[in-house]
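S.K.: Dock chain one against chain two, each of which comes alone in its own frame, and use the hints as you go.
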Amino acid sequence: MPPDVFGRTILAAGTTIDALGQFELHPVLGELGATLRFSQSPALMIVAVVLVLAFLYIGMRPRAVVPGRLQAAAEICHDFIHNMAVDTIGPEGRAFFPFVFTLFFFILAGNYIGLIPFSFAFTSHIAVTLGLAILVFVLAVLVSLKSQGLKFFAHFMPDGAPMALAPLLIPIEILSFLSRPVSLSIRLFANMVAGHVMLEMFAAFTIMLAGLGIAGDVLAVGPVVINIALMALELLVGALQAYVFAILTCIYLREAVAH
Amino acid sequence: MQRAILTLRPVARIATSALPLATGLLVAGAPGAYAAGMPQLDFGNPLVIGQVIWGAAIFLVFYLIVSRSALPRVSTVIANRDTQIANDLDIARDAKAAADQAVEELRRARHDAAREAQDNIERVINEARSAAAQQTAAMNARLAREIHEAEARLSEARTKAMGSLRDIAQDAASTMVRQLTGIDADAARLRTHVDAAAGARGH
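Going down the list, the protein sequences come from chains A and B. Using my numbering, the letters of the first sequence map in sequence onto residues 1 to 259. Using my numbering, the letters of the second sequence map in sequence onto residues 1001 to 1203.
By construction, these hints were calculated from the structure, which means they are not laboratory data. Ideal Cβ placement from N, Cα and C applies to all residues, glycine included.
Okay, the calculated bits of chain B under chain A, using three or more residues with CB under 8 angstroms as the criterion:
hint	stretch
1	1046-1056
2	1059-1066
3	1078-1091
Listed below are several chain B residues computed to face chain A (Cβ distance under 7 angstroms; list not exhaustive):
hint	residue
4	M1038
5	Q1040
6	A1070
7	L1071
8	R1073
9	V1074
Only chain B is shown next, with the shape it has when bound in the complex (with noise of 0.2 angstroms):
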């Protein structure tokens, strides 16, 4: 055992001063370090290789905790909020959906309200505008019946003026025959002889 050791030791050195070259020449520039060599080659000491023992076993329990029960419990939280997160999206997509549908009934209901009003619009002008052309034909009809009646009757005093102009005629020729001659002028004579003035002049 002590020979292994003395025979590893000119190893230890070597393996020392291949460490960094700093480190390497500050070992080499401090004289007498008091370790001999690098305790960690020193197998013959039973705690090197006892903390390899005590190592494994100590890892082998890590490992078991670790993977039965730490890593398990943080895999179940995170697994839980991804549900969790997946859940709430869908719901706030179904949310979405729902909104958007309700938007779009508002939209068109907006829409047909629009078209339906402007049709009665439409319809009221379109009354409003018969009602008036309607109106308006009627106020012509009689105001045409008016000006015929009125132009009938105009037409009849006048006939009838007409007729009564040939007496006066008559009546003023007879004056004026009996105030110039002093006799009475034949009435039927007479009477022709205005109806052919009146004639001539149209009346």
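Extracted from the complex, chain A is given alone in its bound form (with noise of 0.2 angstroms):
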């Protein structure tokens, strides 16, 4: 079977699943693309960033007070993800809020991407996500040190808790803030990855039912139907867990800017 446009090879399976193949990475651009280890993941990573900044300026490009349909939907998405970030982190979400919208829009356009056939989520990577959530957490750490200083250190100690128990309270405190990183990016890769391989699945099983006759014919509608329901339902989990992404970044952020 000759690969497709992003090198891999679709796997028609006659009695065997490859429910993990989808995820693997082929360079992209042949040779090129070997040597400058670009795969298909960037590549639909520029396309994601292609299509969000398309969707803004060919929405903003009229300008019009009373705006049409893409307008609306633009001002829209600025509007939602600008409300998340003042509302959360309070009047120095401001500063952030063009960081949220890029972290937002960039997960959930990748979320999307990956739920067209024979394309591919870079958001199902772990490296790619831990590389977003590490980023996320430095960055907190960073405004954190810049807007409280040493006193940043005295929140592993919590208000209030009785000295003896310091040394229980603060490795406890160190370890859940150290897991943030590891909670944010394994949350929206696993659930990529869980949807992926689900709707790779359910249409193997299409395969291998067509494959026994009539009766096989007849029932292999079935895990059409649930493929369908299983893409409403990732539609549903590409928005949230972007949106969890976002809202947790801007909750990190809202600590660290607190005083």
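M.R.: This is the structure in structure tokens:
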């Protein structure tokens, strides 16, 4: 079978299911891609970025006082993230609004592009989600140190807790603080992987059942119906996980700017 | 490198089975999956780390475009709209104030006009009333005077009539005496009797 545009071989499983093969990375643009380590993942990141920017620029082109549909959609996206940032972080949230906006739409576009058949979700790679989570974590720590100075470290001892518990509480607080990027990245990664594995599974069931003759042809409709429902679920999960990532970023930044 | 991948494979298997229950069962039930582990954990593949480097660059470019150009563009449009709406509201508020003032002036003008009209009506009625009273008084005075004159004339006529009554009575008495007795009665004596009789009757 010839490789597709991303250099992948589409696997029509006979009696086996390759649920994880969809996450494999392949260099695009042939030798050049292999040399630059440029796989379909960054290629689709660029597609995601271009789509979001096109949406914003084409949507805002009329600059109308009474917006059309696309402009209204772009403005709703702007206001949605702006309100999220300012309501959660506080007045300082205005400074972080572009960052939260970038983060949210990078993840959302990545999740949704992954739902297009034969496409790929770059948010299903722990390296990508962990990179984003570490970015958020480092930003939050830097903002904390800038706005609170060394008082930042006082947060590892909860207010009003008895001093005797300090040797127990401080390690727990530090551990929970350090686990933030881990939970943030694994939450998104696991959700995307689980969704795509399920879609691949049920799609493969259809093919396998179709090999069983007439009865199989009839039964093969079942997984298709399930996949339609799963697609709806994944649309929800894709938006929800982008939102969760963005709102947790806002919460971490609020703690960072709080005095 | 190869060894690292091998050590990661069991981890990948555990991670795979930690996926949602249904998926986990299905993966376990599927004989001989093609990918030996999760490709995401195959850190020996340069493409896995490569996408992080590329991703960082793409994310940075995305952030710079969004923060420098795309979002200010949206914010400007929204801010312009808010300003325009605020201005329009101000204009509307001013227009309403002017309209309210005009209504108030109209109301006052109508009130004043109504009062003036009422005053005019009252003045006209009073004038008419006093004119009528004057007329009545003049008429009454004229009638009273005429009555008075008529009474005076009547009294005079009566007095005059009363004065000639005695002459007539004396003539009648003198004629009766002459007819009855054939002699002429003494005029002076007759006059005395006529006066006495007239005086007794109040004439």
